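Quick one: dock chain against chain with the hints and give me the complex.
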Amino acid sequence: MTDALPLAEAAFANRLLPIEWAMVAVFVVGSVTWGVFMHRTAATLEGSFLAGRRVPGFLASLSTVATNLNANDFIGGAGTTYLVGVVLAHQGYANGLALVLVSLFLVQKLRRLRVFTLGGWLEKRYGFEVGFSYSLIWCLVWMLFNLGLYLYAGALVLHTLVGWNLYASIVLLSVAAAVITLSGGYSAVVATDVLQISLMFFPFLFLSLAVYGDIGGVWEIAARLPPDKGTFWSNQTPFGPLGLMLAGTFFMGASYWSTEAQVIQRPLSARSEEDAVVSYLGATFWFTLLCPIVITLPALAAIHYFPGLPNPDLAMPHMIQHFLPRGLYGVTIVGLMAGVFSSVDAQINAFCAMFTTDVYRRVLRPGRDERHYLLASRTAGVVFTLAAIGTAVLFSRNEKGMMLFALSVLATIMPPFAAVTILGAMLGRMNRPGALAGLAVGGVTAVGLLIAEHRGLLKPIAGDALFFRTMITFLAAAACTWTVSMATRHPSCSGREAVDLSVRISPRVLRMAVVLGLGMAGMVGFWSWFFRGAGAAAATGAGG
Amino acid sequence: MSEGDQRYSLNVGIPNGLILIAIAVLVLLTPLTTAMTPAQARIDLLAGGLMLAGGVVSLGWGLLSRRRRSRGRS
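In order, the protein sequences belong to chains Z and F.
Position one of the first sequence corresponds to residue 38 (the working numbering), numbered consecutively onward.
Position one of the second sequence corresponds to residue 976 (the working numbering), numbered consecutively onward.
These are calculated hints, taken from the structure and not from any lab test.
Since the model is a prediction, treat every value here as computed from it, not as a measurement.
Beta carbons are placed, not taken as given, at the ideal position from N, Cα and C, and that holds for glycine.
Don't take each hint at face value.
As the list claims (entries may be wrong) - Partial list, derived from the structure: chain F residues whose beta carbon lies under 10 Å from chain Z:
#: 1; residue: Ala1014
#: 2; residue: Gly1023
#: 3; residue: Gly1047
As the list claims (entries may be wrong) - Stretch-level coverage of chain Z by chain F, calculated; a stretch enters the list once three of its residues show a Cβ under 8 Å from a Cβ in chain F:
#: 4; region: 61-69
#: 5; region: 223-236
#: 6; region: 365-376
Stated by the list, open to error - Every beta carbon over 12 Å from chain F, so not counted as near; a handful from chain Z, in silico:
#: 7; residue: Pro55
#: 8; residue: Pro240
#: 9; residue: Gly345
#: 10; residue: Thr416
#: 11; residue: Leu423
#: 12; residue: Glu490
#: 13; residue: Val552
#: 14; residue: Met560
Bound conformation, chain F alone (with noise of 0.2 Å):
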């Protein structure tokens, strides 16, 4: 891959799940702070834990691509 290619790269899986994670927590943390019925609570846990899991596979995918990326630069 040439110098100017470099600059082109997309890493689109670190800011992604950046914001995932970010809000999956704050998903996770609803039930603590607002009153709600244990069947709502259940499906946000259910929900910000996937998201949670989409975050973490996104951000990890995005790190591997870079250090691959940085690899083959030097």
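Bound-form chain Z, shown alone (with noise of 0.2 Å):
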């Protein structure tokens, strides 16, 4: 087993070989080059936006896992788990069990009423004020910030890898992205997601598999963990105590989940109701499973591998370096970039999507034909697309304190839709009256913790209090949605007559929902097991 390793000087500007070099350009030509041959599916809106609506659950829960999967969660992801320990494995099941329950009660809801976007469905369930809210702040504000972090993050990853110029990445990456989104639609945005995911699975298996190898199995990585890491149910964390940790995360999932428009992109587009709710099933099987495995776990091996490195963020490209063969370098290298390629058209058409069908069509331009809507869903693809690289440049040139404030009121104001949304999904007597109280109020508490929590008066609670502050915007945002709605009675939305709300398990989702139950628990066991503290598994894998 190899011990402590010296970092490597200049780790990062590991230049390709010419040879990764072409497999970097039969990835970027193979896949422009199909979504340009895919023009045809994108001939009108519902085949450009959501292919359609003709996608099978197994593609759709793929799809899924490759819009949220991007290279922040390998390098990023991994760098925190590096930092702050095993405990954090924790989220993986408590946002599994959000994404469960959402799964099984919200989306084939969603996908009943053939919308495009929530915007869509939300106008429907409780009125135009409440869906257009929704789309104008997605579209105009969130989608814009999100997009530009992403380019941004993507570009930051091959700069710091391979060496490539910031700026000629982040142009690479969203005009690319761009030529595959508009010309082949939502079809060719699955078919990059797909590759996604098979050019990111073989690398970090390999990696996985070479790490146990090397230090000689679980036992090990977890013997060689200092207590304050290695311990799966330490009640520190940086969020607070655990519980509420548990609960924060609980929430940000539903709230995620319920809200994204990207993600809600993908049971949109499934041919059914039922592989509307595989699509989501199916993605818990990756977080909640596979994620621990090929990246959790190496993230841990990195503390021994590598202590003390001054940014956390550099565990998993020194891990990778170490332990994968040029070769198998190149292809981490391209699947890298395919998970920004798909999380950047992703979102282009989810932008183009939400623009065109909820402000666009609804309001700007009502009764033209599907033509002149595909011609401006692009045009408004291709603007949108040069002010997320405007935002991307300002992420690099340090705008950060205003950026981070930004994004921060953004997330929160994720939850009021996101309690709105589920409770309107849930329960038929909610009103349109009790959906614009509990947004106001989710906004206002929102914007008042974040407050708090600038001034340092949520510091006793938790050193970073995001997942608290998303709890108590979700659940103040329910609470008066809940309680305006029994209180009032509005005729014209009392959705159990609008819209159908009941709740369809076929038993193919029956047996996915009981297999993933049973290895969530089959998961925190293991974690409960191996991690106990790391005194207790060194003598334990001693005895063994």
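Given below as structure tokens:
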């Protein structure tokens, strides 16, 4: 077994070999060519935004995973685990639980109404004001920041790992992703997503195997962690006590999976209500069962191999460089590029869908033919991509304070919409006055908590109060929506008459949910047994 | 299946298979063009072989689905 390793000098100026450049070229040229080839599937709005609602559940679930998995997760997520320790693995299961509940009780109802976006669903469920306020906030503010962040983070990873010019990377990634999306539509986006999963899976699988082989198994990883990072049931987390972190992560997960525009496109594009549920349930397998094996455990092993890294985000790049040979290293770079592509093209496609159907067609230019809207969608996509390049450049110029503050505000605006969406899907009694009041109270609560955190008032609760703020905002919005809805009667939006809110669980879905439940319980048992404290693990390992 | 539906037929298997096969071949060629230890070469050969197999399965699945669809159309 290898002991602690010296840090490679200029570890991240690892230039690509010609043969690895060829891999990058194959991927970029292949993806763009396929996007252009798929243009015939994007000849209508439904084809362009949702692949004609014909995506099988299995592919939709791969696409859901790929959209959510990008360079940030492999680099930043591993870095956070390196910094905090195994207790963070809890988050996967709280998030997984939220994802399962959203799968079973929400997404089939969204798919049932055959809308293009969540804004469309909220309009049908509650009325124009609720749906339009969601679409406007997401289109004009949230998605622009989000895409800028994806581009900047992706370009930064390539700059760090292979020394590419930051600005050239931002332009290359955005132009290629825009060509794929705007010509091939959602079908091309799904193809990129599946390719990303294939390209990321192989290198990280081999990385995990190489690490386990070298260190001597999971027992040895556990035994070599310091006690503060090696205890799964530790009560100390950067987000407050464990219970608070778990609850906060659950509400964060519920908010994210029920409102994030590009994620919701996956179940909306599924070929049936059952496939819509499968698109989310399938993704849960990745986040709760596979992710810990290919990301979390190697990140924990990095604590042993590369102790005291000045920047925790360098943990995974160091592991990749040390354990993967050239060739497979090139595949990793292509996989990370594919991750950025799939997140960026999903975001562009979601923007085009929302802007065209909820804003342009609904408000600005109603009653035109489909060709007009398709042209408008592509024009808007180009403008949006250019604006996002500008946002990414702003991020790179160190306008960090302002950007992070804005992102933080926006991230806490997600929970009020989530509360209104989830309650609206569960309870027919919820109505428009309740939803509007919930959004207002949730928004005020979110901003109030953000200011309180900036003034240090939340420090006694948690060092980083993001999860706490999310939970309180969600609960405040939900309580207000429920109270006002129960106290008022609004005939136009009683929900029960307007929207079918019944839950249908097929035998296939039930089987998946049971397997997932057992798998998650097994994984919690795995962490609890192996990581019950470094000392105990070491003793058991020695005994075994 | 109606004519309109045909336009939306997804064919993820073909592009995925073609690109995977091309990249797998490059991974398999890496030990021949780059100095590396036998252990590293073995990892590349194993990973390249698996990727190649994955690519062939994906391409086969894509071609099969395509043929099935065109039969359904006629």
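Against the structure, the hints come out as follows:
1. Because the beta carbon of alanine 1014(F) sits about 8 Å from the nearest beta carbon in chain Z, less than 10 Å, this interface hint is met.
2. Taking 10 Å as the C-beta contact cut-off toward chain Z, the hint placing glycine 1023(F) at the interface holds, the least distance being around 7 Å.
3. The interface hint given for glycine 1047(F) is violated, since its Cβ lies 13 Å from the closest Cβ of chain Z, which is over the 10 Å cut-off.
4. Figure legend: the region 61-69 of chain Z, annotated as covered by chain F; annotation consistent (4 residues with Cβ-Cβ distances under 8 Å, at least 3 required).
5. Note: the region 223-236 of chain Z has 7 residues with beta-carbon separation from chain F under 8 Å; the three-residue rule is met and the coverage holds.
6. As drawn, the region 365-376 of chain Z meets chain F at 4 residues by the rule of a beta-carbon pair under 8 Å; at three or more, the given contact holds.
7. Not every CB of chain F lies more than 12 Å from the CB of proline 55(Z), the least distance being 8 Å, so the non-interface label is violated.
8. The beta carbon of proline 240(Z) is not kept farther than 12 Å from every beta carbon of chain F, the shortest such distance being approximately 7 Å.
9. Distance check for glycine 345(Z) against chain F: the nearest CB is about 27 Å away, which clears 12 Å, and the non-interface claim stands.
10. Chain F leaves threonine 416(Z) outside its interface by the beta-carbon criterion, the shortest separation being 23 Å against a cut-off of 12 Å.
11. In this structure leucine 423(Z) is separated from chain F by more than 12 Å, as the shortest Cβ-Cβ distance comes to about 27 Å.
12. The non-interface label for glutamate 490(Z) is consistent with chain F: the shortest C-beta to C-beta separation is roughly 43 Å, beyond 12 Å.
13. Distance to chain F confirms valine 552(Z) as a non-interface residue, since its nearest Cβ pair spans about 23 Å, more than 12 Å.
14. Here methionine 560(Z) stays apart from chain F, with its beta-carbon at least about 25 Å from theirs, past the 12 Å limit.
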